[in-house]
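S.K.: Could you put the whole structure together from the sequences, leaning on the hints where they help?
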Amino acid sequence: MKKGAMMARARGCYGAGGMLLALAFLMASCPLKGPEREETRSAMTFTFIDACNDNVGPAIGLYDVTKIKAHREDESILGEYILRGVEAPEEVGIECVRGDYICYGAWVDEGRSFWGCGRECREACDSCCVSCDDVPVRPVRLLCGGGIENQYGRAPSGP
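Residues 218 to 376, numbered by the numbering used here, are exactly what the sequence shown covers, in order.
Just to be clear, a hint being listed does not mean it is correct.
[What the hints assert, rightly or not] Below are the SDA-like pairs computed for lysine to any residue, each with C-alpha atoms no more than 25 Å apart in a straight line:
#1 284 / 318
#2 284 / 361
#3 286 / 360
#4 284 / 354
#5 286 / 328
#6 284 / 350
#7 284 / 343
[Stated by the list, open to error] Cβ pair distances, simulated, as ranges:
#8 286 / 328: 20 to 26 Å
#9 346 / 308: 14 to 20 Å
#10 360 / 288: 30 to 36 Å
#11 292 / 270: 32 to 38 Å
By construction, these hints were calculated from the structure, which means they are not laboratory data.
Backbone N, C-alpha and C define an ideal beta-carbon position, used for all residues, glycine too.
M.R.: Spelled out as structure tokens, the structure:
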């Protein structure tokens, strides 16, 4: 075989087709992923107070919206609870991933009246989410009509 013919054959082996094959091998052996963040666990305690003397205990849900946005809904519900007494503070402790955003939703009447992000965290809210860390969360008083009040005064709730 002449030198020119050998070079043409080598280019054919390692040309575009060969390069694509090598690239496919690399992609299969090294799957593309975003940077993984370390999942450091943290404990948080929320305090809820039913301030509406209507004989209906609101249901409370705590949701990890970071997992909702990552389409990991099965891991997003951190707990659901029912408040049992008027003006009786109830503490709810959870464990979460540090840095994830945790939102609360409360509701009565199958979600027609709600506080925070509501049932299954379907509603928009201005002040119902906090970053998961070991800092205590301010108490939340659930007022009649869907309003909330905390140590900083009355805050809007719902959309």
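S.K.: Run the structure past the numbered hints and jot down the numbers of the failing ones, going up.
M.R.: Hints 2 and 3 are the ones this structure does not satisfy, whereas the remaining hints hold.
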